[in-house]
Amino acid sequence: MGETLASSKIKPASSTDSLKTPSKLQKVFLGILLLSLLLFPLLQFVVGGLNYWLHMLLYTFMYIAMASSWNIIGGYAGYTSLGHNVFFAVGGYFTGVLLVYYDVSPFITAPIAGLVSLALGLIVGLISLRTRGPAFIISTIALLMLVKIAFDNWDYIGGTNGITMPPILSLSLNLVKFPFYYYMLLIAIGAVYTSYRIRHSKFGLGLRAISQDEIKAEVAGIPTNYYKILAFGISGLFVGMVGGIWGYYLTYLRPNIFLIILVAAQLVLMSVLGGKGTVAGPVVGAILFIAIDEFFVANLGYTELNIVATGLLLALVLIFFPQGIVGSLRERGKLPAFLDWD
Amino acid sequence: MNQFVQVLLFGVTLGGVYALMASGLTLVFGVMRIVNIAHAAFMIIAAYIAFFAFDLYHIDPIISVLITMPVMFFMGMAVYWLFFSRIKGAKRAGELTVLLTFALALIVEGLLGYFFTNVYRSAGPSYATEALYFGRFFLSAGQFYATLLSIALIVLLWAFLKYSRIGYAIRASMQNLSAAQVVGVNVERISMIAFGIGMALAGASGSMMSFLFTFYPAKHWEWIAILLALIVLGGMGSLGGALAGAFILAISSNLIGYYFGPTWSPITFFLALFVVLLVRPQGLFGKKLEA
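Heads up: the protein sequence lines correspond to chains A and B, in order. Throughout the first sequence, residue numbering follows the numbering used here, covering 1 to 342 in sequence. Throughout the second sequence, residue numbering follows the numbering used here, covering 1 to 291 in sequence.
Extracted from the complex, chain A is given alone in its bound form (with noise of 0.2 Å):
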């Protein structure tokens, strides 16, 4: 096993027998980056007027939550899901009917709609992981269109005009969005957090197996079924507690916003963007594609030429670099100690 690991691209195993220490540089810039992130916030009462641009961040680290939690199955175990936003959805709507029926803040509960999500993850896990390959893809696809006719057919939930949630009124305008901002960041810490942890374990170690040759994983003793079913559930569990989250932060939940299939290709894209199978990956892809998105908005207006762009930067990607940034310039040994986390 330790010789097909050696001899293909990935870095070989010495990076993952223990966790890797980062360097001092590293933790230098974690550190600063960290702390602007946290002190941000605070110049909404210095200069004002700031909230466009925490909604942006806030929205990015909504993105790199999930895109960092896809990648756990998708980029680490290989498995591609275009199912993801099925746990965006059942997060979303979990704390969704718990705040409408029950009065529950989501903001307690969205812990509770990870777990959920997790749940789910493990039990269509169970399903859908005993295929591999193109007929993996379909199966998440289905169960995507399986949960859209589902919710959209049920009347507890709103059909297909969904739920509307009362919005946070308490709070002034110049504070509104700080609980979503900190709630976010707190989620996508501990997203990446936990993508660098499984990437340095011997779990991790054991996805990647899988994703490079499951058979002689198989043989190798690498409990696969249990580590690919695992890897699914641990990937729902974040994106469940985004979902949870930004339903409320949108007030509204319905099928077509949460289970169309552009959510889904949206994180594949980041992840591949990025670089799938890599720590920096997923988060250099969300903070990229938010941008270039962002533009077009402002330049194409939010339209279908947004849909086109996506898929021809998909399709570019894929067709010339399918290693993402990360992955290639690695490959070209020109990647910044920053971004070098695997």
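By construction, these hints were calculated from the structure, which means they are not laboratory data. Quantities reported herein were computed from a predicted structural model and do not represent experimental measurements. A portion of the hints provided could be inaccurate.
What the hints assert, rightly or not - Sample of chain A residues with no beta-carbon within 10 Å of chain B, all distances over it, derived:
1. L57
2. L143
3. G190
4. R197
5. V219
6. Y226
7. F295
8. T310
9. R332
Unchecked claim - As a list, the in silico DSSO-like pairs of lysine-lysine whose alpha-carbon atoms are at most 30 Å apart:
10. K202(A) x K216(A)
11. K334(A) x K162(B)
12. K88(B) x K216(A)
Stated by the list, open to error - Which stretches of chain A does chain B cover? Using the computed rule of at least three CB atoms under 8 Å from a CB of chain B, they are:
13. 45 to 55
14. 61 to 74
15. 145 to 158
16. 265 to 273
17. 314 to 323
For each residue, glycine too, the CB sits at the ideal point set by N, CA and C.
Guided by the hints, dock chain B onto chain A, whose structure is given.
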């Protein structure tokens, strides 16, 4: 009992059209191992061509097959050359092609939405609203003609694969790509032609779709999910399997729609897909799928 037979009749005729739609998809998978997520998006392109041919030039949607099939054939060859000839032999090619066709579907959807807006459309030839009576049973005339044409095209496809030289080569490539190459089949050229034929079948399906169903750019997601369910049930890459899957699921979805209400009939496809993946991942007639 009469009702049951009537519903069955609807199911069988619908199955014929589904079979035509699925045949192109399964052909492309059989030869190139490409799961063409963009297949239904190309059907929608053809549906728009047929719709505007009818709307602007009063060309009958059934006759428009003569336009959509060649147009989509050449478009298919161009798409193959642009996107798929470049990634031959890439690592994890199966997954890569799924993502690539997925990207293609997004591009097509976006462009169609940009040029033709998201208005629901449907061509309205006179026979779309007529009914044909067979004793105590009836069928929509449009559905009847579409089914006849679909079956004719499938027979043509079968004869082409069975008796032409290119057909031999395509069948050889479906059975074993590298062995076909060894005995002198120009696999690259055959792949391109097979992709073109797959797209031409999508073109014919689009012509039928233009008057049988309403369509809009994003509609292709629903269609591709249904078509994938059909070919997974039948066994991916097996033409006979695609036909069987089409009829089985068309009939059962109609029965479920009749007994439980129309909103639940689409569920048939996805439930069937899950059950098949769970019980018999290779489908009814397929070889086991390799990653």
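Hints, one by one, checked against the model:
no.: 1; hint: L57; in the structure: holds (26 Å)
no.: 2; hint: L143; in the structure: violated (8 Å)
no.: 3; hint: G190; in the structure: holds (27 Å)
no.: 4; hint: R197; in the structure: holds (25 Å)
no.: 5; hint: V219; in the structure: holds (16 Å)
no.: 6; hint: Y226; in the structure: holds (18 Å)
no.: 7; hint: F295; in the structure: holds (16 Å)
no.: 8; hint: T310; in the structure: violated (6 Å)
no.: 9; hint: R332; in the structure: holds (18 Å)
no.: 10; hint: K202(A) x K216(A); in the structure: holds (16 Å)
no.: 11; hint: K334(A) x K162(B); in the structure: violated (55 Å)
no.: 12; hint: K88(B) x K216(A); in the structure: holds (24 Å)
no.: 13; hint: 45 to 55; in the structure: violated (count 0)
no.: 14; hint: 61 to 74; in the structure: violated (count 0)
no.: 15; hint: 145 to 158; in the structure: holds (count 6)
no.: 16; hint: 265 to 273; in the structure: holds (count 3)
no.: 17; hint: 314 to 323; in the structure: holds (count 5)
Figure legend: structure checked against the earlier numbered hints; hints not met, in rising order: 2, 8, 11, 13 and 14.
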